[in-house]
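Student: Here are the chains, one letter per residue:
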Amino acid sequence: GQQVMQIPQYQHVQEGEDFTTYCNSSTTLSNIQWYKQRPGGHPVFLIQLVKSGEVKKQKRLTFQFGEAKKNSSLHITATQTTDVGTYFCAGKVGGTSYGKLTFGQGTILTVHP
Amino acid sequence: NAGVMQNPRHLVRRRGQEARLRCSPMKGHSHVYWYRQLPEEGLKFMVYLQKENIIDESGMPKERFSAEFPKEGPSILRIQQVVRGDSAAYFCASTTGTSSNNEQFFGPGTRLTVL
Chain A
1 GQQVMQIPQY QHVQEGEDFT TYCNSSTTLS NIQWYKQRPG GHPVFLIQLV KSGEVKKQKR
61 LTFQFGEAKK NSSLHITATQ TTDVGTYFCA GKVGGTSYGK LTFGQGTILT VHP
Chain B
1 NAGVMQNPRH LVRRRGQEAR LRCSPMKGHS HVYWYRQLPE EGLKFMVYLQ KENIIDESGM
61 PKERFSAEFP KEGPSILRIQ QVVRGDSAAY FCASTTGTSS NNEQFFGPGT RLTVL
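From first to last, the protein sequence lines stand for chains A and B.
For the first sequence, counting from 1, position 6 maps to 6 in my numbering; every step adds exactly one.
For the second sequence, counting from 1, position 44 maps to 44 in my numbering; every step adds exactly one.
Since the hints were derived computationally from the structure, they do not count as laboratory data.
Just so you know, even glycine gets a beta-carbon here, dropped at the ideal spot from N, CA and C.
Hints are not guaranteed to be accurate.
[As the list claims (entries may be wrong)] Among the chain A residues that face chain B by a calculated CB cut under 10 Å, a handful are:
#1 Y35
#2 V44
#3 Y98
#4 G104
[Stated by the list, open to error] Quick list of in silico lysine-lysine cross-link-like pairs, DSS-like style, CA-CA up to 27 Å:
#5 A:K57 <-> A:K36
#6 B:K71 <-> B:K27
#7 A:K70 <-> B:K44
#8 A:K56 <-> A:K70
#9 A:K70 <-> A:K57
#10 A:K36 <-> A:K59
#11 B:K44 <-> A:K36
#12 A:K51 <-> A:K36
#13 B:K62 <-> B:K51
#14 A:K36 <-> B:K62
#15 A:K51 <-> B:K62
#16 A:K51 <-> A:K70
[As the list claims (entries may be wrong)] Stretch-level coverage of chain B by chain A, calculated; a stretch enters the list once three of its residues show a Cβ under 8 Å from a Cβ in chain A:
#17 8–18
#18 103–112
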């Protein structure tokens, strides 16, 4: 079955440092979504990428979708303590018309002030 | 998203009991997904429902688990004869339609603990 691998599993940074999490799929994705989950909370949608090679920015966050649509990354510039949480990628495989998502394991980000 | 309601937020059951989890989608949403999350893991798809129909239950164990989304009322995920391995957070998400590009809005989850 489809697998979505995400690395690293944990990332500890000092406030102000950059952070990147990577997502790789065993199969081509029709789209990829990114979510953030705070400790004890629920996943909150951040963004969706659909096109090959697409790059989107949200303030300090930059999202990329690979040319082959099998990998993606999320980069945070100059982390802040409010960035703490788990970041998940979630891929949609072609073949169904609906949004059945396969989630990566997530990257737990800790930011030290 | 505050618009998707789940209850209870925390549920404690003893082995062998039944757990019933409820999800009310956002207003105007008629499509519901259920996911299970084990500690420090990603979410695993369980089932996708539209009003009165189960579209895809490929991620749901065939025994003890069932789901429904009646014409009126919330979607319900039912776990019979719970075991310790069922302890997890169960999230539902709702969308407006069938498009795979639709954003999924997640509820706050039900944290199930089986003693």
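Student: Take the hints in turn and mark each one as holding or not.
Tutor: Going through the hints against the structure:
1. Satisfaction of the interface hint for Y35 (chain A) is found here, the shortest Cβ-Cβ separation to chain B being roughly 8 Å, below the 10 Å cut-off.
2. Here the hint on V44 (chain A) is kept, as its CB sits about 7 Å from the closest CB of chain B, short of 10 Å.
3. Here the hint on Y98 (chain A) is kept, as its CB sits about 5 Å from the closest CB of chain B, short of 10 Å.
4. At about 5 Å, the closest approach between the beta carbon of G104 (chain A) and any beta carbon in chain B falls short of 10 Å, and the interface hint on this residue holds.
5. Only pairs whose Cα atoms come within 27 Å are accepted, and K57 (chain A) paired with K36 (chain A) is accepted, the gap being roughly 15 Å.
6. Taken as a hint, the K71 (chain B) and K27 (chain B) pair is honoured in the structure, with Cα atoms around 14 Å apart against an allowance of 27 Å.
7. A distance of roughly 19 Å separates the Cα atoms of K70 (chain A) and K44 (chain B); the hinted pair therefore holds under the 27 Å criterion.
8. Note on K56 (chain A) and K70 (chain A): the hinted pairing holds, with a Cα-Cα distance of about 17 Å set against a maximum of 27 Å.
9. This hinted pair checks out: K70 (chain A) and K57 (chain A) have alpha carbons roughly 20 Å apart, not beyond 27 Å.
10. Simply put, K36 (chain A) and K59 (chain A) have alpha-carbon atoms about 15 Å apart, close enough for the 27 Å limit, and the pair holds.
11. Proposed proximity of K44 (chain B) and K36 (chain A) is supported: the alpha carbons are some 16 Å apart, at most 27 Å.
12. About 21 Å separates the Cα atoms of K51 (chain A) and K36 (chain A), which keeps this hinted pair within 27 Å; it holds.
13. For the hint pairing K62 (chain B) with K51 (chain B), the CA-to-CA distance comes to about 21 Å; that is within 27 Å, so the pair holds.
14. Note on K36 (chain A) and K62 (chain B): the hinted pairing is violated, with a Cα-Cα distance of about 30 Å set against a maximum of 27 Å.
15. Taken as a hint, the K51 (chain A) and K62 (chain B) pair is broken in the structure, with Cα atoms around 36 Å apart against an allowance of 27 Å.
16. Our distance criterion of 27 Å between C-alpha atoms is met by K51 (chain A) and K70 (chain A), whose separation comes to about 11 Å.
17. For a cut-off of 8 Å, the count of residues in the stretch 8–18 of chain B with a CB near a CB of chain A stands at 0, and the three-residue condition is violated.
18. Only when three residues or more bring their CB closer than 8 Å to a CB of chain A does the claim for the stretch 103–112 of chain B stand; here the count is 7, and the claim holds.
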